[in-house]
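At position 229 of the sequence shown (counting the first as 1) the number is 347 in the working numbering, and the numbers step up by one without a gap.
Source of the hints: derived by calculation from the structure; they are not laboratory data.
Hints should not be assumed to be uniformly reliable.
In the DSS-like style, the derived pairs of lysine-lysine whose C-alpha atoms are separated by at most 27 Å in a straight line are [unchecked claim]:
#, residue 1, residue 2
1, K151, K130
2, K354, K130
3, K130, K221
4, K354, K308
5, K144, K221
6, K308, K151
7, K280, K144
8, K280, K221
9, K308, K127
10, K297, K280
11, K133, K297
12, K151, K280
13, K133, K151
14, K300, K190
15, K297, K151
16, K133, K190
17, K354, K221
18, K190, K280
19, K124, K151
20, K151, K190
21, K280, K133
22, K126, K354
23, K124, K228
24, K228, K133
25, K127, K354
26, K133, K354
27, K228, K297
28, K280, K127
29, K300, K127
30, K308, K144
31, K297, K308
32, K151, K300
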Amino acid sequence: MYIPRKFKKREKPYKFLTLSFDDGVKQDERFIKMLDERGIKCTFNINSGLFGNVHNAPYEGGEVPHDEVEAKDVNRIYQDHEVAAHTLTHPLLSHLTEEEVIKEVGEDQKTLAELSGQEVFGLAYPFGRCYTEETIRIILENTPIRYARNIASHHGFEMPDKFMEWRPSCHWREESCIKLAKDFIDLDAKEDSLFYIWGHSYEFDMYNGWDEITELLDLIAGHDDIEYVTNGEIYKYITEE
119 MYIPRKFKKR EKPYKFLTLS FDDGVKQDER FIKMLDERGI KCTFNINSGL
169 FGNVHNAPYE GGEVPHDEVE AKDVNRIYQD HEVAAHTLTH PLLSHLTEEE
219 VIKEVGEDQK TLAELSGQEV FGLAYPFGRC YTEETIRIIL ENTPIRYARN
269 IASHHGFEMP DKFMEWRPSC HWREESCIKL AKDFIDLDAK EDSLFYIWGH
319 SYEFDMYNGW DEITELLDLI AGHDDIEYVT NGEIYKYITE E
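Construct the complete structure from the given sequences, taking the supplied hints into account.
Here it is, written out as structure tokens:
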């Protein structure tokens, strides 16, 4: 079972690399096999209210399967990676009442913790930017969630300073992703640095991207000076919890 590692502060700066993938779809299983073969860690953000749904995701070229995993398979599929919340049903949080936000986030967190056996304290916002300062207050005051990721790429390697508005470096399909990966590999870090990639594994079907993600994973894997971590491990390192 996944247990967050504790990284101690040290004089030599760390180079951390983390991934974050949303929705808890069946393509995650194939993706996780690829990650495990390369020693790369990922945080998977899951909608527990949608377990077992069978449907397709439309896009400009047609549609691809967007079938959510079954509740009974959560522990098996994600046992070596971090499980985090993505709300029960993927709503626009900024449009909900306080009670609805608490239910969507709190019940998702509770269900995922029970199924995975993990301490679940992370979140990815549905639709990326659909939250407010009030949303953040409600979540912090009423749930165990302590960090939350949006989708506002910053295209850099800085460590997070606002955990409830955690910005990734890039999406895996951004044109800058490969260049950022190469820059991070070559980086002579003078301070703790983080390369943070996000996405959805169903997009590998949607954009015929399995070869592309294989190329990216092969590029970033196996570097002795890089620590391959989950989002939660970064949170615990910075907060020293």
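Outcome of the hint check:
Proximity of K151 to K130 is assessed by CA-CA distance (about 32 Å); at most 27 Å being required, the pair is judged violated. Proximity of K354 to K130 is assessed by CA-CA distance (about 18 Å); at most 27 Å being required, the pair is judged to hold. For the proposed pair K130 and K221, the alpha carbon gap of about 43 Å is over 27 Å, so the pair is violated. The hinted pair formed by K354 and K308 meets the criterion: a straight-line CA distance of about 21 Å does not exceed 27 Å.
With a C-alpha separation of about 25 Å, the suggested pair K144 and K221 falls inside the 27 Å cut-off, and the hint holds. Restraint check for K308 and K151: not satisfied, since their Cα atoms lie roughly 33 Å apart, outside the 27 Å limit. For the given pair, K280 sits about 31 Å from K144 by alpha-carbon distance, which is inconsistent with the 27 Å threshold. Annotation: proposed proximity of K280 to K221 holds, straight-line Cα distance about 24 Å (limit 27 Å).
About 14 Å separates the Cα atoms of K308 and K127, which keeps this hinted pair within 27 Å; it holds. The hinted pair formed by K297 and K280 meets the criterion: a straight-line CA distance of about 25 Å does not exceed 27 Å. Restraint check: the Cα-Cα separation between K133 and K297 comes to about 16 Å, which is no more than 27 Å; the hinted pair holds. For the given pair, K151 sits about 32 Å from K280 by alpha-carbon distance, which is inconsistent with the 27 Å threshold.
For the hint pairing K133 with K151, the CA-to-CA distance comes to about 24 Å; that is within 27 Å, so the pair holds. Under the criterion of a C-alpha separation no larger than 27 Å, the hint pairing K300 with K190 is inconsistent with the structure, at around 39 Å. A C-alpha spacing of about 25 Å is found between K297 and K151, which places the hinted pair at or below 27 Å, so the restraint holds. For the proposed pair K133 and K190, the alpha carbon gap of about 35 Å is over 27 Å, so the pair is violated.
Restraint check: the Cα-Cα separation between K354 and K221 comes to about 25 Å, which is no more than 27 Å; the hinted pair holds. The straight-line distance between the Cα atoms of K190 and K280 is roughly 34 Å, outside the 27 Å bound, and the hint therefore fails. Only pairs whose Cα atoms come within 27 Å are accepted, and K124 paired with K151 is accepted, the gap being roughly 24 Å. For the hint pairing K151 with K190, the CA-to-CA distance comes to about 19 Å; that is within 27 Å, so the pair holds.
A hinted pair counts as satisfied when its Cα atoms are at most 27 Å apart, and K280 with K133 qualifies at roughly 19 Å. Between K126 and K354, the direct Cα distance comes to roughly 10 Å. Compliance with the 27 Å bound is thereby established for this hinted pair. Of the pairs offered as hints, the one joining K124 and K228 holds, with about 24 Å between alpha carbons and a cut-off of 27 Å not exceeded. The hinted pair formed by K228 and K133 fails the criterion: a straight-line CA distance of about 32 Å is larger than 27 Å.
Between K127 and K354 the CA atoms are separated by roughly 11 Å; this keeps the pair inside 27 Å, and the hint holds. Using a Cα cut-off of 27 Å, the hinted pair K133 and K354 holds, with the two alpha carbons roughly 16 Å apart. With a C-alpha separation of about 39 Å, the suggested pair K228 and K297 falls outside the 27 Å cut-off, and the hint is violated. Taken as a hint, the K280 and K127 pair is honoured in the structure, with Cα atoms around 20 Å apart against an allowance of 27 Å.
At most 27 Å may separate the alpha-carbon atoms for a hinted pair to count; K300 and K127 meet this at roughly 26 Å. Only pairs whose Cα atoms come within 27 Å are accepted, and K308 paired with K144 is rejected, the gap being roughly 40 Å. Of the supplied pair hints, the one linking K297 and K308 holds, its CA atoms being roughly 20 Å apart against a limit of 27 Å. Distance restraint check for K151 and K300: the Cα-Cα separation of roughly 23 Å lies within the 27 Å cut-off, and the hinted pair is therefore satisfied.
When the structure is compared with the earlier hints, violations turn up for hints 1, 3, 6, 7, 12, 14, 16, 18, 24, 27 and 30 and for no others.
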